[in-house]
Structures are given as structure tokens and as C-alpha cells.
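If you read the protein sequences in the order shown, they are chains A and B. Just so you know, we're using our numbering here: the first sequence kicks off at 1 and counts up by one. Just so you know, we're using our numbering here: the second sequence kicks off at 1 and counts up by one.
Bear in mind the hints are in silico, worked out from the structure with no lab data behind them. Small disclaimer: the values here were computed from a predicted structure and weren't measured. One or more hints might be untrue.
Chain A regions said to be covered by chain B (calculated; three or more residues, Cβ under 8 Å) [unchecked claim]:
#1 9-21
#2 58-69
In silico DSS-like cross-links for lysine-lysine, where the CA-CA straight-line distance does not exceed 25 Å [claimed, not checked]:
#3 A:LYS96 <-> A:LYS8
#4 B:LYS32 <-> B:LYS125
#5 A:LYS99 <-> A:LYS8
#6 A:LYS96 <-> A:LYS12
#7 A:LYS96 <-> B:LYS32
#8 B:LYS125 <-> B:LYS29
#9 B:LYS32 <-> A:LYS8
#10 A:LYS99 <-> B:LYS32
#11 A:LYS99 <-> B:LYS29
#12 A:LYS96 <-> B:LYS29
We put the beta carbon where it would ideally sit given N, CA and C, even for glycine.
Okay, here's what each chain looks like letter by letter:
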Amino acid sequence: MGVMRAIKGHRKALTVIIVLALASPIFGVYLSELVGYHEPLDLAAGLLGLEELTEKITWTPLADYTVPGLPDWLGYAVSGLLGAAVVLALGYLFLKLLK
Amino acid sequence: MHIPDGYLDPVSCTITYLLALVFAFLAVKRAKLEGEERKHLLPVLAAAIFVAQMLNWPLPGGTSLHFLGAALAGILLGPWLGFLTMTLVLLVQTLVFHDGGITTLGANLLNMAVVAVLTGYYVYKALPERFGAARPFLAGWLSVALAGLACGIELGLSAQFLYGLAVTVPVMAGWHAVLGVIEGAATAAVYSYLRGRAPLLTGSR
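Work out the full structure: start from the sequences and follow the hints.
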């Protein structure tokens with residue numbers, strides 16, 4: 001099955017993915033800020049007085065689902081679309097290697 | 001649940017990396033034997049889980065949760081393709097978005113791609129069909145609870161953490177046992193939807 005055929009076969013799923021990515025800032029940015037979101041793991045680490053080693057050094061310009069120069073909500077949505085595209089591309093590449 | 005760099009000591013990092021690599025080797029070998037249809041679901045399911053994980057549901061008290069998707073991957077694709085699906089998601093999260101550390105990637109894979117997927121898969125498989133939606137619900141719930149427990153054990157055993165297992169296990173396992181209820185509900189909802197639309201996906205496992 002070629003990539004194009006595979007994409008056609010999953011058109012509905014891909015539509016859902018795009019819609020979810022576009023809607024994601026509502027949850028991941030707006031509502032998160034509203035309640036002052038923290039990961040349970042970070043909370044636990046905070047209690048234990050532990051610091052994240054690579055908080056200040058990072059290997060990617062897209063750290064924490066932000067895009068430089070874009071407001072958080074837009075960066076988050078772009079990150080969602082971009083990330084999904086990278087996952088799809090790597091996934092199909094991996095399937096080719098699996099043969 | 002993504003452990004950042006600096007939370008685990010080098011020994012814990014090495015051991016968890018080795019375990020994840022062994023599992024990855026087995027998974028790639030076994031995945032080759034899977035059917036084409038199932039294989040071709042991997043990229044799409046991974047992309048869907050990736051975006052689903054970005055939907056944080058805030059909870060009162062300054063925390064929130066998001067769908068993990070590992071149990072769903074295990075139920076739909078089995079343990080090997082399920083592992084590879086979650087691995088793909090975690091690789092992109094770590095390398096492209098700095099969600100989880102590089103030295104702790106092995107541990108994160110162990111928790112979310114091995115423990116969570118296997119738990120989801122085996123709980124689903126162990127329960128008889130008459131349990132209906134309770135199968136994916138329990139699979140989702142326990143997958144998150146046990147992944148949280150594994151995470152707590154790793155942190156507790158790591159010399160990097162000042163507190164031992166007596167603190168880390170109750171904190172991580174306790175939290176995720178509660179959060180897992182929502183994972184169960186989400187897994188059951190997606191499963192029920194797919195069962196109606198694409199029975200082949202949910203039938204043969």
C-alpha cells in the first residue's frame with residue numbers, strides 16, 4: 001500500500017487529527033493558564049527540591065510546543081500540526097524500513 | 001509523566017535505556033510478522049495520539065491531565081506495534097518539543113511504551129467479551145496507574161532523588177491511579193466509537 005493510498009484510507013482520521021491540533025490551544029494554552037497547570041511529576045519534583053537539568057539548555061527551537069515569534073496559542077497549534085506531520089512522515093518511513 | 005533530564009541518575013538511565021532497547025529490538029522483529037492493514041494504522045494512530053496528548057484537561061487545584069493513548073494502542077495494534085506507536089510519539093515529543101529528557105528517554109519509553117501498552121493489552125485480553133466497555137475502561141485505567149507506579153519506582157531507586165521509594169511510589173502511583181480513571185473513560189469512548197465504525201480493528205484482538 002502506497003503512502004497516498006494509506007492517507008486516502010485514513011482520510012477521516014487525518015481530518016480528526018487536524019481538527020484536534022487546531023483546537024489544542026484551547027486546552028493546552030488557554031485552560032492550562034486559567035488553572036495554573038503543572039505536571040504531577042513536576043509537582044512531586046518540586047516537593048523533593050529537584051531541578052530539571054535541561055530547563056535552560058535545549059536542543060530544539062520548538063521547546064514546550066512553542067514556535068519562536070508566534071504567540072503561545074498559535075505556536076501550540078502550529079506545533080500540533082507540525083508534530084503530527086513529523087510523526088506521520090517518520091511512521092511511513094519506519095514502515096518502509098520494516099519490510 | 002515525561003521524566004525530564006536530571007531526575008534520574010546515570011545508572012538508572014543506562015538500565016532503563018537497555019531495557020527499552022531490548023524491547024525495541026523484539027518489537028521490530030515481531031512487527032514484521034503483523035498484517036499490512038494493522039501496520040498501516042501505526043503512523044495515523046501515532047499522529048492521533050500525539051495531538052490527543054496535547055489536549056490538557058485542567059483540573060481544579062492547578063493540575064491537569066491528558067490522554068496517554070498507550071492502552072488504546074495496545075488494544076488496537078497489540079503489544080509490539082503498540083510499543084512502536086508510542087515510541088514514535090515519544091521520540092517526536094522528546095526530540096522536537098523537549099517534552100521529556102534525552103537521558104531519561106529510556107525510562108519514559110519503559111513507562112509509557114512498554115508498561116502502559118502491555119498493561120492495556122493484557123487487561124483487555126484477559127477480560128471476557130461480555131464485560132463490554134469495561135474492558136477498554138479497565139485497560140486504560142490500569143495502564144496509567146501502572147505506568148505511574150513504574151515511574152515512581154524509577155525515581156525512588158534513582159540516587160538523584162533525595163527521597164526513596166516510600167515517598168515517590170505513593171506520590172506517583174497515587175496520582176496516576178486517580179488520573180487513570182479519565183484515561184479509562186477516554187479509552188472506552190474511542191474504543192466504542194471504533195467498534196461501531198471499524199469492527200475489524202477491535203474484533204480480532
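Status of each hint after checking the structure:
1. Proximity of the region 9-21 of chain A to chain B, defined as three or more residues with a beta carbon under 8 Å from a beta carbon of that chain, is established by the 8 residues found.
2. Counting residues of the region 58-69 of chain A whose beta-carbon sits less than 8 Å from any beta-carbon of chain B gives 7, enough to reach three: the coverage restraint holds.
3. A distance of roughly 18 Å separates the Cα atoms of LYS96 (chain A) and LYS8 (chain A); the hinted pair therefore holds under the 25 Å criterion.
4. Between LYS32 (chain B) and LYS125 (chain B) the alpha-carbon distance is near 22 Å, which keeps this suggested pair within the 25 Å criterion.
5. At most 25 Å may separate the alpha-carbon atoms for a hinted pair to count; LYS99 (chain A) and LYS8 (chain A) meet this at roughly 21 Å.
6. Taken as a hint, the LYS96 (chain A) and LYS12 (chain A) pair is honoured in the structure, with Cα atoms around 23 Å apart against an allowance of 25 Å.
7. As the CA atoms of LYS96 (chain A) and LYS32 (chain B) are separated by approximately 11 Å, the hinted pair is consistent with the 25 Å bound.
8. A hinted pair counts as satisfied when its Cα atoms are at most 25 Å apart, and LYS125 (chain B) with LYS29 (chain B) qualifies at roughly 22 Å.
9. For the hint linking LYS32 (chain B) to LYS8 (chain A), the alpha-carbon distance of about 23 Å falls within 25 Å, and the restraint holds.
10. Proposed proximity of LYS99 (chain A) and LYS32 (chain B) is supported: the alpha carbons are some 7 Å apart, at most 25 Å.
11. Of the supplied pair hints, the one linking LYS99 (chain A) and LYS29 (chain B) holds, its CA atoms being roughly 11 Å apart against a limit of 25 Å.
12. Distance hint between LYS96 (chain A) and LYS29 (chain B) is fulfilled; the C-alpha atoms sit about 14 Å from each other, no more than 25 Å.
Hint violations for this structure: none, all hints satisfied.
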